[in-house]
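Asker: Next come the chains, spelled out residue by residue.
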Amino acid sequence: MGTPWHGPLERLDECRVRIPREYKDGMRTDGIIYADDRLLESIRKDQAAEQVANVAFLPGIQGASLAMPDIHWGYGFPIGGVAATDPEKDGVISPGGVGYDINCGVRLVRTALGLDEVRPRIQQLVGALFRDIPCGVGREGAIRFTPEQEKHILAEGCGWLVRQGYGRPEDIEHTESGGCLAEADPSVVSDRAYQRGRGQVGTLGSGNHFVEVQYVDHVYDEEAAGVFGLSLNQVAVMIHSGSRGLGYEVCDNAIHAMRSCPKRYGISLPDRQLVCAPVNSPEGRRYLAAMRCAANYAWANRQALMHLARGVFERFFKMSPERLGMDLIYDVAHNVAKLEEHEVNGVRRMLCVHRKGATRSFPPNHPEVPARFRHVGQPVLIPGDMGRYSYLLVGRPGAMEQTFGSACHGAGRTMSRKAAIESARNRSIKKELQARGIYALARGRRGLDEEQPDAYKDVSLVVDVVDRAGLASKVCRMKPLGVIKG
Amino acid sequence: MQVQFSSTDMFRGQPGLPARESPAKLSYMGGTFEILEHTADIGLRARGATPSEACESAALGLMSLLVAPESVRARQEETVAAEGVDAADLLVRWLHEVLFLIDAHRRVFATVRVTDFEEWRLKAVLSGEPFDPRRHKLREEIKAVTYHGARFEPAPDGWIAEVLFDV
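For the record, the sequence lines run as chains B and U.
With the numbering used here, the residue at position 100 of the first sequence is 167, and numbering never jumps.
With the numbering used here, the residue at position 21 of the second sequence is 183, and numbering never jumps.
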């Protein structure tokens, strides 16, 4: 594990390299990685590129097996991988191409507060968020639902939660797919998945999930920033979480249920974790119906987390919701498979787009972009590490032409968790962050050690490649002020 | 065979050695496990004189990633069964069963004993207690046991089991 990759990477242009399909018998198409020379150095360090080649084995794959510039070594699919398959051409769906944390994603909430109002009180504010937002391993939520109510969440996602009073109607419009994938069928979700997800709506979880208070420190596109209600030094809140135990179990159940599919459908795979079934097979349809439930659960989870955060801000600043102006800018899914219409060789096709650590990036005037900002494009939210910055971008036409409407999803790890813990020995990451003006609270010390800024690539290098390649363009950059982690 | 966690903190490894060369090994009654480097996730390599022992080691390795082993008391027993289409599948299914008990039933375990083993199914008795946030310091959230690079096979000195966890 962790051995450098020495396979062929041919440079196509300043932003892309190619793994030719001749590299390995069984590849149905090329692999294409979005990376400049600086990023390529770290990509070469592990087996992520081999995983790009492996994904090219999937039947019915269209275009290339793609990887975004934040690519890193995953299990099965690389993290940062994008693969589109055509269901009409024996195209498959692979649960590993979505991952265990189904619809892990990010939402960005603006506030009407300025940096000078928040910075002096950030420690107390972060303390209040930490107290009222359940985070960390095994924490249960402050909001409880009965099993019957959970079924509504699985079938109806964000909308159901908003109707129960956890948010505002406009939140739904500002969530990818309206916070609900249609044709989600709660009856195909196993009892075990329900058990693992019980009581977890409105919980952050651990690992790289967070709630972060940020401020806009650089604006690249004044017009677009204005449309999102953001300007220099304005404070925003970013939330990163997913479908919790329910999603993990749905993925596991599907991988287990599909174990004999490669043999049944004559599919040859280089990695068992890539197990898949034709989208139009009973196994494929069943997984899609369950995955959509988990995706809806994740949207409801982030909606509940935002609701809790809004409450904390209202009590802390003693302001009305109107004065606080905590409007949801957007919510994106970055671990998901969706049926979307794309053009392949000049023909419109309905494809199954897997995004495993990749963000949808739809351009201006796409009908799925909310009406209020349809003319600037879909917001693309890219969290960086705790110490540097995060970005707000908007989708560009290049994403539709090159990447089935996809862009990167984060900075990408460069250090293993174990190496990060070793490197944090005899240091206090909390104090180091504090010296940079960032107040961080985590349930365990290891949370901060594993997630320390040095464990990640510089997100600005990643975002630069996405911007130059024409997949999405920069709107503004946010710097962290305070963060809570599991 | 009854196996017991050692109180060694496996994450700290050997001081002064670079991370890659210090796979912190934890020994218990002839079996060991170690944590493997992976950029985003966590790998585990477990060994045992027999396949049963290797499965016990792997389950203890998983437990120790989740909770400080010395904080867990062996008070209640629970029986677990797992079955796979081959050796690697059994390993993944077995560890998934253990993870499910921890995550969904909110239990933590101090000891693991494989009572029946044949190709490729096993029965085991785990002994532990309900999770108590005041006494059990949870370390890591493990989302899943993946098949990526999973292997469970004879080695020169017994059996070796390797898996990658999604964290």
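Please keep in mind that the hints were generated in silico from the structure rather than gathered at the bench.
Fair warning: there could be bad hints in the mix.
To be verified - Result set (DSS-like, lysine-lysine): computed pairs, CA atoms no more than 30 Å apart in a straight line: (1) B:218 / B:156; (2) U:299 / U:285; (3) B:497 / U:285; (4) B:156 / B:112; (5) B:112 / B:91; (6) B:330 / U:299; (7) B:156 / B:385; (8) B:498 / B:546; (9) B:498 / U:299.
Claimed, not checked - Stretches of chain U that chain B covers, calculated by requiring three or more beta carbons in the stretch to come under 8 Å of a beta carbon on chain B: (10) 255-263; (11) 271-282.
Even for Gly, the Cβ is constructed at its ideal location relative to N, Cα and C.
Asker: Run every hint past the structure and note whether it holds.
Answerer: Hints, one by one, checked against the model:
1. B:218 / B:156: violated (34 Å)
2. U:299 / U:285: holds (28 Å)
3. B:497 / U:285: Status violated; Cα separation ~44 Å.
4. B:156 / B:112: Answer violated: residue 156 (chain B) to residue 112 (chain B) is near 35 Å, above 30 Å.
5. B:112 / B:91: holds (20 Å)
6. B:330 / U:299: violated (43 Å)
7. B:156 / B:385: The given pair, whose Cα atoms are some 58 Å apart, is violated under the 30 Å limit.
8. B:498 / B:546: OK: residue 498 (chain B) and residue 546 (chain B) at ~17 Å, within 30 Å.
9. B:498 / U:299: holds (22 Å)
10. 255-263: Coverage by chain B holds here, the residue count being 3 at a Cβ distance below 8 Å.
11. 271-282: Coverage by chain B is violated for the region 271-282 of chain U (0 residues, Cβ < 8 Å).
This entry does not satisfy hints 1, 3, 4, 6, 7 and 11, going by the numbered hints stated previously.
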